[in-house]
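J.: Between the sequences and the hints, there should be enough to build the whole structure, so can you do that?
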Amino acid sequence: MRTVRIIGTVAVSVFRESVRDKVLYNLVAFAVLLMAASYLIGQLTAGQDIKIIKDLGLAAIATFGLMIAVFIGIGLVWKEVERRSIYSLLSKPLSRAEFILGKYCGLGLTLVVNVTVMVVAWYAVLAVMATTVPPQVRAEWVAPATDIGMLRAVGLILVELMLVTAIALFFSTFSSPFLSAGLTLGLWVIGHFSVDLKNFQSVVDSPAAAMLARGLYYVLPNFSAFDIKQQVVYAHPVPAAYLASTALYGVVYIGFLLVASVAVFSRRDFK
Amino acid sequence: MDAIKTEALTKHYSVGFWRPKPYLALEGLSLSVRQGEVFGFLGPNGAGKTTTLKLLMQLIYPTSGTAHILGLPVGSADVKRRIGYLPENPYFYDHLSAEELLQHFASLFGYAPAERRQRATRLLDEVGIGAERRLQLRKFSKGMLQRVGIAQALLNDPAVVFFDEPMSGLDPLGRRDIRQLILRLRDRGCTVFFSSHVLADAEALCSRVAIVAKGRLVAQGPLAEILHFQVHGWELVMSHVPAGALECALKDGRVTKALPLGEDRYALDLPLDAAPERLIADLATAGAQLVSLNPLRETLEDFFVRQVSTAKTNRGLE
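Residue numbers (this note's numbering), protein chains in the order written: chain A, 1 to 271; chain B, 1 to 318.
These aren't lab readings, by the way, just hints derived from the structure by calculation. Small disclaimer: the values here were computed from a predicted structure and weren't measured. Watch out, some of these pointers could steer you wrong.
Selected chain A positions facing chain B (Cβ under 7 Å, derived; list incomplete) [unchecked claim]: (1) Thr9; (2) Ser13; (3) Lys92; (4) Pro93; (5) Gln136; (6) Arg138; (7) Trp141; (8) Ile148.
Cβ atoms here follow ideal geometry from the backbone N, Cα and C, with glycine treated the same way.
T.: Below, the structure written as structure tokens:
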């Protein structure tokens, strides 16, 4: 109970710092702006407008969420160490593990609030769009403009962002923000092409290289699994079992990363 | 039970990337601090003072040796609940106000919201920045941040408080305030362990001191005891001293130094084994008049400079 309270205190502090950070406001403003831009594009593209707005909306949520997760995540621990604010913090009844978990939960809370704001703005644009379209055009849509099923994609985007946050936090426990950003974004890119690693044996003759690629496929995070944007936009069915197993995969991976972050951070000297 | 006890506390770092070499930051520090005393931890810059404090706060881990606070191993939650710590040149979340920062720290101790507010208000008033409590910390001067740092170290009414260079960044008024605060803490029964290279602070506040230089402990004990045996001569002040008599005393070694003070007044340094009475009588016969005679006691500064200059210089381990 004490640990939960302490983690909560650190998390609220991170959230408050994010809220007072003007960069965060800019990101949200940008996201809202992009929604408006997608609406304009929709106006220019007869017939395809609603799908473009849905596509752009999901892509914007994922991209802006990624920026928040990476660029705040990499500074979460580094900033505290570099500015030495961690000295007085760790002299209080707060363990290093509680500090790390609190930081993670705080950025998680920030992401949830931000994604929620973006989703609300996105659905508002879609709702307004639906009212401006004639009923015969609406009848041709494969799904309603404000199809609640799209939230399944948002849910997996959120799990993906939490995983990115855990990666950024892990790197930030021992490296500089620049390196952490590079490594996190690098892993994110590789993770979106990890299926290619799985099928590497079809393009190379070397069994060793194929085995290495297969090994990397299992070790590196498979971000492509979280991407079901196309399915929800085109209202294709996404099995509940797939959603659950993918979310569970993300949670387990996050768990490993947090344990690793705590292990690294707990051994660190603050010179 | 000692408030603080370290035994052979040692910290080595590796310096360099390609061919790392060991560097001795602290070597075999053994010291004990009694409960309720103000203990000065002195040394020049780079002596190992901050390293020691970081080891006691478990911000770094020792290469070897042990450290206990109030009989418990450092770093445990029980210890952290009973101590306060002011880091050197403290930095805090600058998006928060002083009041918010203190309330945030107070929440880590598990105090209820009303208690947090009350403690924050009382302490900010005590360190003299009550009027600025709602100002964001980014607008604070170095001296004001130092006062916030002291306030946050006292949030939990600690039994032992650690101050790393508490007077740093403070103006004379601020230094006086903090000296008085340290004495008030001592009167409340709080143990105060503070590091400093300002010896006047130690002389004014400490019952005992330890001196570190180049990573090693060079002296430890009550201030009066450290300096008691260091009387190294006499200072004799006389007026109307005839030049011939003074020259003679300088020549035969009964006076080692003569500092003219003006109008035939001289401050004369006499060696420890000299008999001042005979010299006074001789000079008086020549027409001089006695103004004062004082033992030349080594000051903490003299002692400090001597100890530091004779400390071992090698900090490598090869």
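J.: Next, verify each hint and record whether it holds.
T.: Evaluated hints:
1. At about 5 Å, the closest approach between the beta carbon of Thr9(A) and any beta carbon in chain B falls short of 7 Å, and the interface hint on this residue holds.
2. Given the 7 Å rule on beta carbons, the hint for Ser13(A) holds: about 6 Å separates it from the nearest Cβ of chain B.
3. Annotation: interface hint on Lys92(A) holds; nearest CB of chain B at approximately 4 Å, less than 7 Å.
4. A cut of 7 Å between beta carbons decides the hint on Pro93(A): the least distance to chain B is about 4 Å, and the hint holds.
5. Interface restraint check: Gln136(A) against chain B, minimum CB-CB distance 53 Å, threshold 7 Å, status violated.
6. About 47 Å separates the beta-carbon of Arg138(A) from the nearest beta-carbon of chain B, more than 7 Å, and the hint is not met.
7. Taking 7 Å as the C-beta cut-off, the interface hint given for Trp141(A) is violated, the closest approach to chain B being about 46 Å.
8. Given hint, Ile148(A) at the interface with chain B, is violated; its Cβ is 37 Å from that chain's nearest Cβ, farther than 7 Å.
Of the numbered hints listed earlier, those contradicted by the structure are 5, 6, 7, 8.
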